[in-house]
Amino acid sequence: MHWHGLAQRMAQFSDGAVLASQWPIPPLNYFDYEIEALPEDAGTYFYHSHVGMQALTVFGALIVEDCAAPPYQYDDERTLLWHEHYKQNDSAFEAGLLAAPLVFGGEVQAVLLNGQGVAINHTAGEIPGDASCQLPVVEVEPDKTYRFRFIGATSLSHSIMAFEGHEILTVIAVDGGQYTQPAATYRMQIGSGQRFDVLFKTKSQAELDAAGKTDFFIQFETRDRPSVYQSYGVLRYTGAGAGGQAPVPSAPSTPVFNLTTKTYDWLENTLQPLKPDPDFPTLEEVTRRVVIDVVQLLSPTTGQTIWQLNGLNWNELVAYPVPLLVDIYLRGEEAVPDYEAAVANGGWDPKNKAYAAKVGEVLEIVFQNTGSIVNNNGGVDVHPFHAHGAHYYDMGSGNGTYDADATEAARVEAGYTPVKRDTTMLYRYETKTTAGAPAGWRAWRIRINDPGVWMIHCHVLQHMVMGMQSVWVVGNASEIQKTPTELSQGYFTFGGSVTGNETTDPQVYEQFDHSASTCSISI
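Residues 4 to 526, numbered by the numbering used here, are exactly what the sequence shown covers, in order.
Each hint should be verified, as a subset may be incorrect.
Calculated cross-link-like contacts (lysine to aspartate or glutamate; reagent style EDC-like; alpha-carbon spacing at most 16 Å) [to be verified]:
(1) K354 with D330
(2) K278 with E43
(3) K485 with E336
(4) K361 with D218
(5) K435 with D453
(6) K204 with E142
(7) K147 with E210
(8) K147 with D78
(9) K206 with D280
(10) K361 with E343
(11) K206 with D218
(12) K356 with E319
(13) K278 with D296
(14) K361 with E319
(15) K485 with E319
(16) K354 with D341
(17) K361 with D341
(18) K435 with E482
(19) K361 with E336
(20) K90 with E68
(21) K485 with D453
Computed spacing ranges between beta-carbons, pair by pair [to be verified]:
(22) N452 with D212: 53 to 61 Å
(23) N504 with N380: 35 to 43 Å
(24) K435 with S500: 40 to 48 Å
(25) N504 with E288: 46 to 54 Å
(26) A440 with Y75: 37 to 45 Å
(27) P303 with P250: 53 to 61 Å
Honestly, the hints are just simulated from the structure, not real lab data.
Quick caveat, the model's predicted, so the values are computed rather than measured.
Ideal Cβ placement from N, Cα and C applies to all residues, glycine included.
When you get a sec, could you build the whole thing from the sequences and use the hints?
Written out as structure tokens, the structure reads:
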């Protein structure tokens, strides 16, 4: 289980990344995760399985409350968790993705809001309780300010949404504990793994009386896929003047909004930290740049359709015989990637298939989209890239290839300092291009401070299964081995003593002094 956005700085064995940081939990067993939430971590997160495509259904919201009063005032909050429904289950979907030739499990059948929605392209009786399916409802009261917590728990969908009669949404936080300067937008846009916190001002009773209604549609649609899924939710006013509980309306016969088809410019170079961030590194401080080519191709050995990052295809099925973090505890420096070999090979060591970074480096990581070389079709996709272990400074995106000097000059001229993120979009600027040609970039800048074994990967589950994942080893063995050997041995084997079941209690090892908490934090 991965605690998305919460950096497991000290509890490395609790990051949930199978065969990178830990073994998977055996069937009918359990594993106690330990999370240290610091005051600066207050924000919106979620948890999900990190095995295959289990995260289609294994996920949930995770909110870390502020210790003190948050920097923005609001009356109440609502969590809006977006996920999906498919015709196939995760095992069947995964089997098709790994087949040769590829058998794709199909486009999304429904985008769900907090577990509810209306499916398309299905036959009567195919979905349990189908007859009772209705639009999801978000209840609010008049004349209040809400904190809406948007969570992208989707597997594939890049979604865009807007609220009827409520055209001013103010973004105040992003990707967990990163409060931002207020940024106004009329619509929201969210990819897999992303989170946005928004101040939402409701109408007064007088405005509702003038409108003559208390139900307003939430229109949401998918983007950047071969087909568009469109559906609705209902923003419902309750309380005085709302009258009795009316039936939930059906979707309108015509769209409420003509939502844009262009996604690549939404809030780009806009979100800045609420407080000055003296830790932001300038271009002059960057010590190394790793450009990662994102390529779809046919495997010459298996015939599978795969994704590679700089020529490396990685998933838990083709990974290591033991988790890399465990291997570093067992074999020390022998299991750590050769830094010089990695630098000479596009960032990763060809011997142990891991990227290497030294504590103290300032890296720029640039993701370079390309046209698919499968049958020279040149198709271009979008990819929400996510980093475990630490947040990074998002330097933006653009068409073509990355120009560091031009990007830095534009940033300085605009007086812009990017906020830290953990999941940002590698966009496409056209649906097709020449096979293998550059087709857009996304750049990150990060100070390397936290030793460990951390993943960077596309957060589209289908792409992860097809190999669009990378493992990064930060630091040397002595810097990584934080847990004393006598206390870490329970993590070393599949089903080791740190897992429990109906008959056996797990070994409990606490990394943190829970009596030393500085405030009461709800998780």
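Worksheet item: Under the criterion that the straight-line Cα-Cα distance not exceed 16 Å, is the pair K356, E319 satisfied?
Response: holds, 12 Å
Item to complete: Return holds or violated for the Cβ distance of A440 and Y75 against the range 37 to 45 Å.
Response: holds, 44 Å
Item to complete: Quickly compare the C-alpha distance for K485 and E336 to 16 Å and report which way the hint goes.
Response: holds, 14 Å
Discussion item. Against the 16 Å threshold, does the CA-CA distance of K361 and D341 hold or violate the hint?
Written reply: At roughly 11 Å apart (the allowed maximum being 16 Å), D341 and K361 satisfy the hint.
Worksheet item: Is K204 within 16 Å of E142, Cα to Cα?
Response: At roughly 13 Å apart (the allowed maximum being 16 Å), E142 and K204 satisfy the hint.
Discussion item. Please verify whether K278 and E43 have alpha carbons no more than 16 Å apart.
Written reply: The hint holds at about 12 Å.
Worksheet item: That 46 to 54 Å hint for N504 and E288 (C-beta), does it hold up?
Response: Because 50 Å falls inside the window, the suggested range holds.
Worksheet item: Is the Cα-Cα distance between K361 and E336 16 Å or less?
Response: Answer holds: K361 to E336 is near 13 Å, not above 16 Å.
Item to complete: With a cut-off of 16 Å on the C-alpha distance, tell me whether K361 and E319 pass.
Response: violated, 25 Å
Worksheet item: Does K435 pair with E482 here, judged by a C-alpha cut-off of 16 Å?
Response: The hint is violated at about 45 Å.
Practice prompt. Compare the distance between the alpha carbons of K435 and D453 with 16 Å, and conclude whether the hinted pair is satisfied.
Written response: violated, 39 Å
Worksheet item: Are the Cα positions of K206 and D218 separated by 16 Å at most?
Response: This hinted pair holds, its Cα atoms lying about 11 Å apart.
Violated hints for the displayed structure, listed by number in ascending order: 4, 5, 9, 13, 14, 15, 18, 20, 23 and 24.
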